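**Student:** In the order they appear, the protein sequences are chains A and B. Each residue of the first sequence is one higher than the one before, starting from 76 at the first, in this note's numbering. Each residue of the second sequence is one higher than the one before, starting from 12 at the first, in this note's numbering.
Please note that the accuracy of each hint is not assured.
[Claimed, not checked] Listed below are the simulated EDC-like cross-link pairs for lysine to aspartate or glutamate, each with C-alpha atoms no more than 20 Å apart in a straight line:
| id | chain 1 | residue 1 | chain 2 | residue 2 |
| --- | --- | --- | --- | --- |
| 1 | B | Lys-82 | A | Glu-162 |
| 2 | B | Lys-173 | A | Asp-124 |
| 3 | B | Lys-173 | B | Glu-184 |
| 4 | B | Lys-82 | B | Asp-194 |
[Unchecked claim] Across the chosen pairs, the derived CB separations fall in these ranges:
| id | chain 1 | residue 1 | chain 2 | residue 2 | range |
| --- | --- | --- | --- | --- | --- |
| 5 | B | Lys-80 | A | His-106 | 49 to 59 Å |
| 6 | B | Arg-75 | A | Phe-155 | 51 to 61 Å |
| 7 | A | Phe-154 | B | Arg-322 | 39 to 49 Å |
[Said to hold, decoys possible] Chain B side only, calculated, beta carbon under 10 Å to chain A, not exhaustive:
| id | residue |
| --- | --- |
| 8 | Leu-97 |
| 9 | Ser-176 |
| 10 | Phe-177 |
| 11 | Arg-180 |
| 12 | Phe-183 |
| 13 | Trp-311 |
| 14 | Arg-313 |
| 15 | Asp-324 |
| 16 | Lys-333 |
Simulated from the structure, these hints should not be mistaken for lab results. This structure is a prediction, so every number in the text was calculated from the model and none was measured. The beta-carbon is built from N, C-alpha and C at its ideal position, and this holds for glycine as well.
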Amino acid sequence: MAAPGSEAGKHETWPLWEVFIRSSRGLSHVHAGSLHAPDAVMAVRNARDLYTRRGEGVSIWVVPSEQITTSDVDARGGFFESAEGKEFRHATYYTASEEVPHL
Amino acid sequence: MTTAEASAPTPEELEFQRLIDEDSRVEPTDWMPDAYRKTLVRQISQHAHSEIIGMQPEGNWITRAPSLKRKAILMAKVQDEAGHGLYLYSAAQTLGTTRDTMYEQLLSGAAKYSSIFNYTTPTWADMGSIGWLVDGAAICNQVPLCRASYGPYGRAMVRICKEESFHQRQGFEILLTLMRGSDEQRRMAQESVNRWYAPALMMFGPPDGESPNSQRSMAWKIKRFSNDDLRQRFVDMIVPQAEVLGVTLPDPDLKWNEERGHYDFGELDWDEFSEVLAGRGQANTIRLANRREAHEEGAWVREAARAYAARVDADCSALLEKVA
C-alpha cells in the first residue's frame with residue numbers, strides 16, 4: 076500500500092484503493108494490496124480480478140488509500156511505550172502455577 | 012563530498028542500517044537513503060514493465076494454441092502477468108513515484124524492461140520454452156527477492172512466486188508433450204530450446220565483474236545472490252530437467268565438474284545482450300508500439316470511467332445537500 080498521507084497516488088488518472096480480503100468464513104479481512112480504480116464498484120471488481128484469481132477470497136473490502144489514518148511513525152517509540160516492560164500482562168509471566176493441571 | 016556526508020551518521024541513518032543489519036524490513040514510512048529509494052524504484056518498475064511487456068510474446072499464441080484447454084491456460088498465464096505487473100507498480104508506488112509516471116517512462120522508452128521479451132515466438136513450442144526456461148530463470152531470480160529488505164517489494168514477490176510455479180510447470184508440460192509426439196514435433200521443441208537457452212541464461216544480467224550496482228544492492232539486501240551465482244544455480248537445475256524432456260541444451264561446453272560440484276557452461280554472447288538492450292533486438296520496436304497502441308486505444312475507457320465516477324459523486328453530493 077502507499078504510505079498513507081504521502082503524495083503517491085494523488086493526481087493520477089484513477090485514485091488508489093487498499094484491498095482487504097476475507098479468505099474464508101470465520102477469518103478477518105486481511106490487507107492484500109492496493110490498486111487503482113475510478114470508483115468503489117470498479118475497485119471491488121478489479122480487486123476480484125487482481126487478488127482472487129485462485130479462489131483466495133469469499134469477501135472483499137476496498138478503502139480509498141487517502142482515507143486511512145496511521146499512527147505517527149516518527150513517534151512510535153513513545154506511542155507504544157505503555158506496552159513495554161509489562162511482562163505481567165502475559166500468562167508466561169506467572170510461573171508458580173507450572174505443572175499444576177488446567178492452569 | 013559535502014560536510015554533512017563526512018560527519019557522523021544521523022539517527023535516521025543509524026536506524027536504517029540497524030534494520031538492514033538485523034535482517035528486518037524497511038517500510039514505506041521509514042527514512043531511507045535517496046540512492047536506496049532510487050535503486051528500488053528503478054528495479055521494481057523495470058520488473059513491472061517486464062511483466063506488462065512480457066504478456067506479448069505469449070499473447071501472440073492465444074488464438075492459435077492447439078486446444079481450448081491450452082488457450083484457457085495461456086490466457087490465465089497472461090492474466091497472471093498483468094497481475095504481477097500491477098502488484099509491482101503498487102510496490103514501487105509506495106516509494107513516492109506514481110504509476111502514471113512509471114507508465115509514461117515505459118511508453119516513452121525511457122525505462123527498460125527485461126531484454127528477454129524482445130525475442131520473437133515463431134512456433135507453439137516457444138510457449139513451452141518460455142514457461143520452462145524464461146519463467147524458470149525468473150523464479151530463480153525472484154525467490155530470493157521474497158526476502159528483499161524493502162517490505163512492499165518482498166510481499167509482492169511472495170505473491171508472484173506462488174503463481175509463477177504454475178507457469179514453469181505448464182511450459183515444461185508443453186515441451187514434454189511435443190517430445191513425446193512426432194519427429195516434427197520433437198524437432199520443433201528442440202529448435203525452440205536452442206533459441207531460448209542462451210537468452211534465458213543472460214536474464215540474470217552481466218557477469219559479476221561487469222555489474223557494478225550489484226554489490227551495493229547486495230549490501231542493502233535488496234539482492235541476495237550475485238548474477239553469476241544465480242545463473243549457476245539455474246544451469247544446475249535445468250540440466251537434469253532437460254534429460255527428462257529428452258532435449259539437448261545447445262552448449263558444447265556444458266559438463267559436470269566434479270571438483271566444483273556444479274555444471275560448467277560456455278561463454279555467453281554478451282555482445283548480443285548489449286545489442287538487444289540498446290534496442291536492436293528482434294522485437295523491441297513492435298513490443299513498444301503495441302503497448303503504446305493499447306494504451307492510446309484504452310484512453311476513452313479510462314476517461315469514461317473517471318467521468319462516470321465524477322458524475323455519481325456529484326449526484327450524491329447534491330442529494331446530501333437536499334437532505335440537509
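**Student:** Identify every previously stated hint that the structure contradicts and give their numbers, smallest first.
**Tutor:** Violated hints: 1, 4, 5, 9, 11, 12, 13 and 16; rest satisfied.
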